[in-house]
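> One-letter residues, chain by chain:
Number of protein chains: 4
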Amino acid sequence: MSDKPTFVLTITCPDTVGIVAAVSGFLTQHDCFITEAAQFGDPLSRRFFMRIVFSSGALTPTRPEFDKLFSLIAARFQMIWNLNDLSRKPRVVILVSKFGHCLVDLLHRYHTGQLGIEIPAVISNHQDMRSIVEWHGIPYHYLAVDKHDKAAQEARLSEVVDRSGADLVVLARYMQILSTDLSAKLSGRAINIHHSFLPSFKGAKPYHQAHSRGVKIIGATAHYVTADLDEGPIIEQSVERVDHTHTPEDLVAIGRDIENLVLARAVRWHVEHRVLLNGSKTVVFK
Amino acid sequence: MSDKPTFVLTITCPDTVGIVAAVSGFLTQHDCFITEAAQFGDPLSRRFFMRIVFSSGALTPTRPEFDKLFSLIAARFQMIWNLNDLSRKPRVVILVSKFGHCLVDLLHRYHTGQLGIEIPAVISNHQDMRSIVEWHGIPYHYLAVDKHDKAAQEARLSEVVDRSGADLVVLARYMQILSTDLSAKLSGRAINIHHSFLPSFKGAKPYHQAHSRGVKIIGATAHYVTADLDEGPIIEQSVERVDHTHTPEDLVAIGRDIENLVLARAVRWHVEHRVLLNGSKTVVFK
Amino acid sequence: MSDKPTFVLTITCPDTVGIVAAVSGFLTQHDCFITEAAQFGDPLSRRFFMRIVFSSGALTPTRPEFDKLFSLIAARFQMIWNLNDLSRKPRVVILVSKFGHCLVDLLHRYHTGQLGIEIPAVISNHQDMRSIVEWHGIPYHYLAVDKHDKAAQEARLSEVVDRSGADLVVLARYMQILSTDLSAKLSGRAINIHHSFLPSFKGAKPYHQAHSRGVKIIGATAHYVTADLDEGPIIEQSVERVDHTHTPEDLVAIGRDIENLVLARAVRWHVEHRVLLNGSKTVVFK
Amino acid sequence: MSDKPTFVLTITCPDTVGIVAAVSGFLTQHDCFITEAAQFGDPLSRRFFMRIVFSSGALTPTRPEFDKLFSLIAARFQMIWNLNDLSRKPRVVILVSKFGHCLVDLLHRYHTGQLGIEIPAVISNHQDMRSIVEWHGIPYHYLAVDKHDKAAQEARLSEVVDRSGADLVVLARYMQILSTDLSAKLSGRAINIHHSFLPSFKGAKPYHQAHSRGVKIIGATAHYVTADLDEGPIIEQSVERVDHTHTPEDLVAIGRDIENLVLARAVRWHVEHRVLLNGSKTVVFK
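Respectively, the protein sequence lines represent chains A, B, C and D. Sequential numbering of the first sequence, starting at 1, is according to the UniProt record's numbering. Sequential numbering of the second sequence, starting at 1, is according to the UniProt record's numbering. Sequential numbering of the third sequence, starting at 1, is according to the UniProt record's numbering. Sequential numbering of the fourth sequence, starting at 1, is according to the UniProt record's numbering.
Chain A extracted, bound-state conformation (with noise of 0.2 Å):
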């Protein structure tokens, strides 16, 4: 752990007297500066949520040693903790359908190195974002889903994403409903964006529903995918003022830019080890 290496540590413990002096007490105590860090304790579900962004000095024992005499700390405030090595990118595997724009977004974000990830796959049920994906240099995988048998090409996917040793998977429109145990497998590393503001309009065709309904504030939603459609623990939302001049066919394209905004950030605090889980909601370090 020389060379300067910095990490971020996220910690979730239930709340009590002492965890931050063991902590920052901990890594002083070990050669490392700490450059960030935010911490947060819920009065409701009495839990303590940490992230810390530090640099390792030339007295911080090796990774191997540096786990084993945290383990001690955890072990006492019964922590569940990850220490992530910022050196290493995050592979990120994204799947999509027809609608384009959110993916065109996320390879524009990771083909100028605003987003420190890599993509080692991209997955569809359909070919029209086969020729975009390869300009930029990644495996395109077309996956047709036989209505009959979604199981079979769920299969398929899964498969490709092990391969690709995927830290996150983003369903960027990807208009396939996952199955309950592929979102059981993906708990807490999948990433949907929902064209709505959720709670409000879920299910099939949001920004029709917002037109019919005549709201006056259109929005999106990232979230973590569950067994729940659009139930899961929300990561990001963000909204657009409309009005009465719009049609459904103009809030789609209003929408858009929101959806773009809305995942983009949800993958950027995801992969910065920003978004912790609590319960069915997130606490999330910006």
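Please keep in mind that the hints were generated in silico from the structure rather than gathered at the bench. Here the structure is a predicted model, which means the values were calculated and not measured. A few of these clues could be false.
Residues from chain C shown here face chain D by an in silico Cβ test under 7 Å; the list is partial [said to hold, decoys possible]:
#1 P199
#2 S200
#3 K202
#4 R213
#5 G214
#6 K216
#7 I217
#8 I234
#9 Q237
#10 V242
#11 H244
#12 V283
Here are the simulated lysine-lysine pairs, BS3-like style, with alpha carbons at most 25 Å apart [claimed, not checked]:
#13 C:K205 / D:K202
#14 A:K98 / A:K68
#15 C:K281 / B:K286
#16 C:K147 / C:K205
#17 D:K202 / C:K281
#18 D:K286 / A:K286
#19 D:K281 / C:K205
#20 B:K147 / B:K202
#21 B:K281 / A:K202
#22 C:K4 / C:K286
#23 A:K281 / B:K202
#24 B:K202 / A:K202
#25 B:K150 / B:K98
#26 B:K205 / A:K281
#27 C:K202 / D:K286
#28 D:K202 / C:K202
#29 B:K281 / A:K205
#30 B:K150 / B:K205
#31 D:K281 / A:K286
#32 D:K205 / D:K150
#33 C:K185 / C:K147
#34 C:K286 / B:K286
#35 A:K68 / A:K150
#36 B:K205 / A:K202
Backbone N, C-alpha and C define an ideal beta-carbon position, used for all residues, glycine too.
Take the given structure of chain A and dock chains B, C and D to it, following the hints.
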């Protein structure tokens, strides 16, 4: 119709060729000067909506004559129309319970002339707001609710509204549900502020519902009162970002500021005749 | 003018009685159906602005005849007017340097048909964007700038613009300042995106200026190019919250998303003939 | 320090290894329970900022003892620090001229307990706001300004501020410029609301300046008062969309609502010890 008085003409009718030409031709012909005009043809409902502000000139006929002449055009296009003399201030009756923020906000706008209205009465099922209302020189009607005979209180409320010559009734966090009959009677002239971003979180304690769902944005909605609770045509909505650190009480506090703004806008737009009904939706000519 | 073609008519003239009546009467009389109309009388400049979208009917005269007839009305009211056939796509030439986010965003909107334009040419003083532009099948003109003879490059640029039949030139983070002559030549048909919330932080490195001043909100501004740098008529602005944790580089990254949206809106509104000049300001009929 | 009182500790010092460990270790060791903590290391100024909310326990030493002990740590890290007992309400003196919206807004928040402050005095160079202030039971100090001897009025104002034991002075649209001396004396404890989005439109009539420039968004800025007019450290800003239809008077009206919100937030953050100075900028731990 001398001395350059100013009028707002609102029109709703089936969309067809020649409406604007007929109306603007009529106004020009009768020496009226259009200072504002807005129109909207809804491609779905095939209805046409128009709002025109104009000042009359030396050759403009008297009001009864004007109405008689315009009726001919109105009949031709099957118009629902209203002609409002802007020199007459709309009379607004405000209903409130214990939370006074919306009331106080409206009173300040009224007091400083920002809102060109008369407030002939404030009605409440509590005494809390009497002092500040009376400081503004407005009669305060305390109408307690008897749980076992809600109809009796509502009858008295309805009577105060009638006697006040109310053009508009504003439910400024009035925590009683109007009966179907009274909702119908006040149709299109009663505005409620709901403390959520509808259609999310209808009914009771919306900020607690929002907290529990973990949304990242909360809002408020001003809508016309209908017999279906929180289902009336939406006039205005606004939102504010929140995060995991906010308790339900924090959301309530943040929400108060949104409610004030949203309700104040809806009231102003209504009394300036900017809001036209389009089925269960509104056309708002800002 | 058969087959229900659609047109946008824009008008600017001194404000007076009877303009709407004359124009809408003319259109009705010549079998045109108005689908959108917006107008604005500026009480300060005493100028009147109007935008009408209409489809022609069986009895509408041919275009030359229409123009001749309408000229009589135009002359009476001293109108500056334009009649644009919506079936003809505006030709937009894009200028870019090294930062490609605005370009890529516009290309994606163009590619997916969200922006109804032709892009006959992209011009750059760098090679960086050649590949993605050519992937879209658009000619890329690399015009290097010789520090000692900037005029030569601008002359060639101007020539490409002319040959392309450009209706609009978009400076999508083009980091060269246009000469007074070229600015004048392109007056009202060149849009620049400035990466600050004007009039704050004109000139170079606006995000660094914003960081240094400690503002809590940053923004971007799309405006028509004039000889006075960053002083042209503003078409659109948007903003985003920032805080003390953001470095200048973070502001640059956040700013990119604002720039994309603001520029895309300005371009769309311009090519839909929604933007009219009112001295050094704009009237935007959204 | 018994009975679970709660404190806010704020710290500013050079950034180095071990600060969090030292502080949190100290608090844990002295039986204090941290309920909120936020920190920030500025990579540019190399300064470290921290805010900790904690409740004391049975074994926490008395306040003088606590201070003495903590001083040792503070000295080691060259800390500027403050320990604030949350049971003591900050005393806020409000200055106002003729525009009462910000004052009325603050009074309502104070009156309903949303803002945990005392208001020992309101000072004005006009009589307009006397009645509403006295309705709230707050002494109103009318200090007329003699154009030829502004210093005399300021001396009396300064005296009232002193006598009131003011922790904070709020210039709620107070239309007099404080002298360099008084600005210096109140440094870091006087907040002004400027009715523009600084640094745009400093000085007089900012909404008229904004109208004249044709901006599409207007704003307001709360900042600490310094001798340089409108140049003090910015605490909070907010904005609202406007368009070509808005007159300068409309901008003034829209601006009032922005000013209310921005000033109320800045005051709350200040009295909750969330705002730390970082040179000419602020760190705001929301």
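> If a hint holds in the structure, say so; if it doesn't, say that too.
Hint check results:
1. Among the interface hints, the one on C:P199 holds; its C-beta lies about 5 Å from the nearest C-beta in chain D, closer than the 7 Å criterion.
2. Using the Cβ-Cβ criterion of 7 Å, the hint placing C:S200 at the interface with chain D is satisfied: the shortest such distance is roughly 4 Å.
3. Interface restraint check: C:K202 against chain D, minimum CB-CB distance 10 Å, threshold 7 Å, status violated.
4. About 6 Å separates the beta-carbon of C:R213 from the nearest beta-carbon of chain D, less than 7 Å, and the hint is met.
5. The interface hint given for C:G214 holds, since its Cβ lies 3 Å from the closest Cβ of chain D, which is under the 7 Å cut-off.
6. Given hint, C:K216 at the interface with chain D, holds; its Cβ is 4 Å from that chain's nearest Cβ, closer than 7 Å.
7. Because the beta carbon of C:I217 sits about 5 Å from the nearest beta carbon in chain D, less than 7 Å, this interface hint is met.
8. Residue-level restraint check for C:I234 holds (minimum Cβ-Cβ distance to chain D is 5 Å; threshold 7 Å).
9. Interface hint status for C:Q237: upheld, as the beta-carbon distance to the closest one in chain D is roughly 4 Å, under 7 Å.
10. Taken as an interface hint, C:V242 does not check out: its beta carbon lies about 10 Å from the nearest beta carbon of chain D, beyond 7 Å.
11. Because the closest C-beta pair between C:H244 and chain D is about 4 Å apart, less than 7 Å, the hint holds.
12. Below 7 Å, beta-carbon pairs count as interface contacts, and C:V283 has one with chain D at about 5 Å; its hint therefore holds.
13. Under the criterion of a C-alpha separation no larger than 25 Å, the hint pairing C:K205 with D:K202 is consistent with the structure, at around 21 Å.
14. At most 25 Å may separate the alpha-carbon atoms for a hinted pair to count; A:K98 and A:K68 exceed this at roughly 47 Å.
15. For the hint linking C:K281 to B:K286, the alpha-carbon distance of about 20 Å falls within 25 Å, and the restraint holds.
16. Between C:K147 and C:K205 the CA atoms are separated by roughly 20 Å; this keeps the pair inside 25 Å, and the hint holds.
17. Using a Cα cut-off of 25 Å, the hinted pair D:K202 and C:K281 holds, with the two alpha carbons roughly 20 Å apart.
18. For the hint linking D:K286 to A:K286, the alpha-carbon distance of about 12 Å falls within 25 Å, and the restraint holds.
19. For the hint linking D:K281 to C:K205, the alpha-carbon distance of about 19 Å falls within 25 Å, and the restraint holds.
20. Annotation: proposed proximity of B:K147 to B:K202 holds, straight-line Cα distance about 23 Å (limit 25 Å).
21. Straight-line distance between C-alpha atoms of B:K281 and A:K202 comes to about 20 Å, which keeps the hinted pair within the 25 Å bound.
22. At most 25 Å may separate the alpha-carbon atoms for a hinted pair to count; C:K4 and C:K286 meet this at roughly 23 Å.
23. Between A:K281 and B:K202 the CA atoms are separated by roughly 20 Å; this keeps the pair inside 25 Å, and the hint holds.
24. Under the criterion of a C-alpha separation no larger than 25 Å, the hint pairing B:K202 with A:K202 is consistent with the structure, at around 15 Å.
25. Simply put, B:K150 and B:K98 have alpha-carbon atoms about 18 Å apart, close enough for the 25 Å limit, and the pair holds.
26. Distance hint between B:K205 and A:K281 is fulfilled; the C-alpha atoms sit about 19 Å from each other, no more than 25 Å.
27. Between C:K202 and D:K286, the direct Cα distance comes to roughly 30 Å. Violation of the 25 Å bound is thereby established for this hinted pair.
28. Proposed proximity of D:K202 and C:K202 is supported: the alpha carbons are some 15 Å apart, at most 25 Å.
29. A distance of roughly 19 Å separates the Cα atoms of B:K281 and A:K205; the hinted pair therefore holds under the 25 Å criterion.
30. In summary, the hint linking B:K150 to B:K205 is supported, as the alpha carbons are separated by about 22 Å, within the 25 Å threshold.
31. Taking the CA atoms of D:K281 and A:K286, the gap is near 20 Å; set against the 25 Å cutoff, the hint holds.
32. Taken as a hint, the D:K205 and D:K150 pair is honoured in the structure, with Cα atoms around 22 Å apart against an allowance of 25 Å.
33. Restraint check for C:K185 and C:K147: the C-alpha separation of about 23 Å stays at or below 25 Å, so the hint holds.
34. With a C-alpha separation of about 12 Å, the suggested pairing of C:K286 with B:K286 holds against the 25 Å cut-off.
35. For the hint pairing A:K68 with A:K150, the CA-to-CA distance comes to about 44 Å; that exceeds 25 Å, so the pair is violated.
36. A threshold of 25 Å between alpha carbons decides the hint, and for B:K205 with A:K202 the separation of about 21 Å falls inside it, so the pair holds.
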